[in-house]
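Novice: Modelling step: build the complete structure from the supplied sequences, incorporating the hints.
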Amino acid sequence: MSMPLDDDQIEIIQEFATESRDMIEQLEPAIIELGQNSEPETINSIFRLFHSMKGSAGFLEFDHMTRVAHAAENLLDMIRNGEIELVSNHVTLLCAACDFAKEALDMVESDYNDDAMVAPADDISEKLHQAIELAKDSGEPQAEEAKEDATTKKEDPIIQASPSAAEDDFPQLEITDEMRLSFVQEGNELLQNMEQGLLSWGENQDDKEFIGDIFRNIHSFKGNCGFFGFSEIEKISHQMENILDRVKSGSKLAVDNPADQLLASLDVLQQAVNNISDGKDDRVENFAQHVSDLQILIAPLLGDFLVEEGVQEQAIFHAVETQKKPVGEILVQQESASTEQVNSALKKQQDNINKTKAAAKPVARTKTSAKRQDIRVELGKLDSLINLIGELVIAENMLIHNPDLKGLQLENFNKAGQHMSKLVRELQEMAMTIRMIPVSGLFRRMIRLVHDISVKAGKKVELELIGEDTEMDKTVIETITDPLVHLLRNSLDHGLEPPDERLAAGKDEKGTVKLSARHEEGEVWVTIEDNGRGLNKEKILEKAISKGLIEGDGSDLTDKQINNMIFAPGFSTAATITDISGRGVGMDVVKKNLEKIKGKIDIYSTPGQGSKIILRIPLTLAIIDGMIVRVGTATCIVPTLSMLEAFRPVMDQITITPDGDELAQVRDNFLPIVRLHEILGKKPDSHDLADGILIVLESQESRFCLFIDEILGQQQTVIKGLSDFIGNVPGVSGCTILGDGGVCLILDVGTLVDSAESKKLKFEDQKNNI
Amino acid sequence: MAENTTLSNFEDEDTQKDKYLTFHLAGEDYGIEIQYVIEIIGIQNITDVPDMPAFIRGVINLRGKVVPIMDVRARFGMPDRAYDDRTCIIVVNIDTTEVGLVVDEVSEVADIPENNVEPAPRTSKKHGDSYIQGMGKINKEVKILLDVHKLLFSGEMQELAASLEE
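Chains A and B, in that order, are what the protein sequence lines are.
Sequential numbering of the first sequence, starting at 0, is according to numbering that gives the first Met the number 0.
Sequential numbering of the second sequence, starting at 0, is according to numbering that gives the first Met the number 0.
Mixed in with the good hints, there may be bad ones.
[What the hints assert, rightly or not] Cut-off 35 Å, straight-line C-alpha distance, at most; resulting in silico cross-link-like pairs (DSBU-like, lysine-lysine):
no., chain 1, residue 1, chain 2, residue 2
1, A, Lys682, B, Lys149
2, B, Lys149, B, Lys64
3, A, Lys459, A, Lys536
4, B, Lys64, A, Lys681
5, A, Lys597, B, Lys64
[What the hints assert, rightly or not] Computed beta-carbon distance windows for the label pairs:
no., chain 1, residue 1, chain 2, residue 2, range
6, B, Pro120, A, Gln13, 46 to 56 Å
7, B, Asp79, A, Asp110, 55 to 65 Å
8, B, Pro112, A, Gly720, 37 to 47 Å
9, A, Glu185, B, Lys64, 50 to 60 Å
10, A, Gln13, B, Lys64, 29 to 39 Å
11, B, Ile39, A, Asp98, 54 to 64 Å
It is worth saying that the hints were derived from the structure and are not from the lab.
Cβ coordinates follow ideal geometry from the N, Cα and C atoms, glycine included.
Specialist: Right, dumping it as structure tokens:
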């Protein structure tokens, strides 16, 4: 392993690391789920993941990872086979194995080997072995064989000793990747044909033509499998072939409509083919189960029962040969069997059919579509693609609104231009969706977190995930990961009460934390909601006063303002610092990260009933619809989303407070007026409000009027950051480049509203005082 | 842009060493190390940015990139002078930060060997001195060599950055 690695090897290792990380991400929620209900499907998927990890780690000679994955696999295998019972300690151990794998991957990524992981690997695999031994001692004696198995493994942990693992080595021996690929392609095609055939047949049972088609397809598929040595799927397809054969010859089946069962089996085959295309082995989960499911479908032949009744086999054979009338009748005629015997046999057959009908329960059909094709792209490449498209939008604007074209009659040019605009817009939208990934990955990571914390804090928690398929920009998801972790920790540690306290308060012993994501008002809202004790306002106030964050006793503050104080750095009302939270860093991180992506945080809390925190994140960071406004010589862009209306004010609408603040009456509301020229430090055409235009802007449920000279037009704008050199500018969220090549600032309605808000509050105070 | 970074990164160090881009500012000759210079462009339409120190004139669009513009006269506290067709913007790049510097007039690229550079005089009380890296001599002429890093980041810019941190 100490050999210097070339670039190819490094690339392979890096790919391995990314892949394994993905696997661990899937592993964790599955393991937790296993702890809650030991469904065979769950345990199989965990097994599969560990198995794949072991495979790739073994290939790259990361022996320690292989060892741990193998030990985990052993444990799972025994649980799966029912040799030992799952206990909560196993879940913890498997989680620990994941943690180990993560650490090992860090190591692998930096050093390209996992040599340094000897000690932890020993530790974990030893623990896993111990768990096996322990469970076996208390478990059934049947584990004898497995024990032997385990001990041989212990001596030579790298050799794949478990029979199932050894099996998949042999069929792959002389098969090249190319052959595999063609098998997969052909297999997919055959399976698709079969599916179509089965569906049409299901609708039209009498049509034998479909059966012939399906039969031919499954036969070729079976042949391919046999050639490649994929024995398990071969057996399944063989069973399916048997059934179809029966159908073709018109004999009875245990169920009226075998198409459903066959479709389900098709899904199993499809899954296996997908696995093969992923370079995995052909092993089918619940293989024996599937085969027996299929076997059930084939009703035993009448002859079998007749033999049981003591009828001569030869006679039956003869009867079948001459079969024109029902078999029983012929036999009676030939006096080879008594009427009672035949009747009893017929009854038995019927019973058996009925029984198997009941046994062949309707199969829930899980749809496994042909595998979606993904490729991994370096994020940098994607970013430059999106930047380029941004440039293209600007270039297109510059071209179509080129000043040289002014006043020319260009009918064809305009047509072509419009077409191009449309294409560019589509391209832009497409580019934006490329970066979007569903939040499910992020959410699923939280399952593990919640599990760990609830164990640590001794609380019972149920985590509900809603809207996992909501898509967000990848960087946004990365940015909100930490905040989510902190918020969940807070909810679990401070929000939810211990079980006895909950019972005392008349609540369900188990607390609920809801994590949801959805689209709302052109933003994505990520909500963390718990049904715990809620925020303690008195404590927050007390702490804020003692820290000097507010003046006076805080009685003049709104609930919202008080709640927002928890975001101050170092602010914590926790009396003691636990290892989960209490240092007062978390909420600060939440706020900082949300600011980075221009997100907002809303907090709602009802004492005794829980709290709800909404992270409001803009849908896209890159492109907005904007209204171009002008004041004096300066132009600015106002995001159209936050714009409600625009009007030319009359003086009657304007009220001036004794402080000199201006308010405009819009219907029943008094809205503070912000003069854009004051923000930009420009000279407007006129200082007189009646000469300009007021636009009503809204942000976070508060409104204000912006005074400008005129509105120039609307445009899709690509947001660019002002240079880092300048940093954040109050009232400005970024800039864009206009059609004429000039730079134009984009107003930040959020910060403008804050300054307007204070004006309004002052006004209301005065009104109240009068 | 890409070529430029490659240039400054990989080009033989000797070809850039001791080379200075010299320019005029209020009757004096100044120089900055050529390795920081990306390009020189004529004066352009500058977009104001509110709440900036006086010497930050705003931003321009440099082929799709938004580049902030610093007026070096204003930076040194010299009186303003109307921009004319000789006024130039020198675009410099330090640690991936690009900034345009407005100067009266760009003159030439000069070779000033190390032994011709005197350390900056410490006598003057004016704060402008802190930006000086040394005094370069070419024959009888003297060029004031500026420390680009300090020019960009010291003083008020530092305070600005600090205020943002808070």
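Novice: Evaluate each hint against the coordinates.
Specialist: Now the hints, each set against the structure:
1. Lys682(A) / Lys149(B): holds (34 Å)
2. Lys149(B) / Lys64(B): Given that 35 Å is the threshold and the Cα spacing comes to 23 Å, the pair holds.
3. Lys459(A) / Lys536(A): holds (25 Å)
4. Lys64(B) / Lys681(A): At roughly 25 Å apart (the allowed maximum being 35 Å), lysine 681(A) and lysine 64(B) satisfy the hint.
5. Lys597(A) / Lys64(B): holds (21 Å)
6. Pro120(B) / Gln13(A): 46 to 56 Å: With Cβ atoms ~54 Å apart, the hint holds.
7. Asp79(B) / Asp110(A): 55 to 65 Å: About 58 Å separates the Cβ atoms of aspartate 79(B) and aspartate 110(A), which means 55 to 65 Å holds.
8. Pro112(B) / Gly720(A): 37 to 47 Å: holds (41 Å)
9. Glu185(A) / Lys64(B): 50 to 60 Å: holds (52 Å)
10. Gln13(A) / Lys64(B): 29 to 39 Å: holds (31 Å)
11. Ile39(B) / Asp98(A): 54 to 64 Å: Holds: the Cβ-Cβ distance is about 56 Å, inside 54 to 64 Å.
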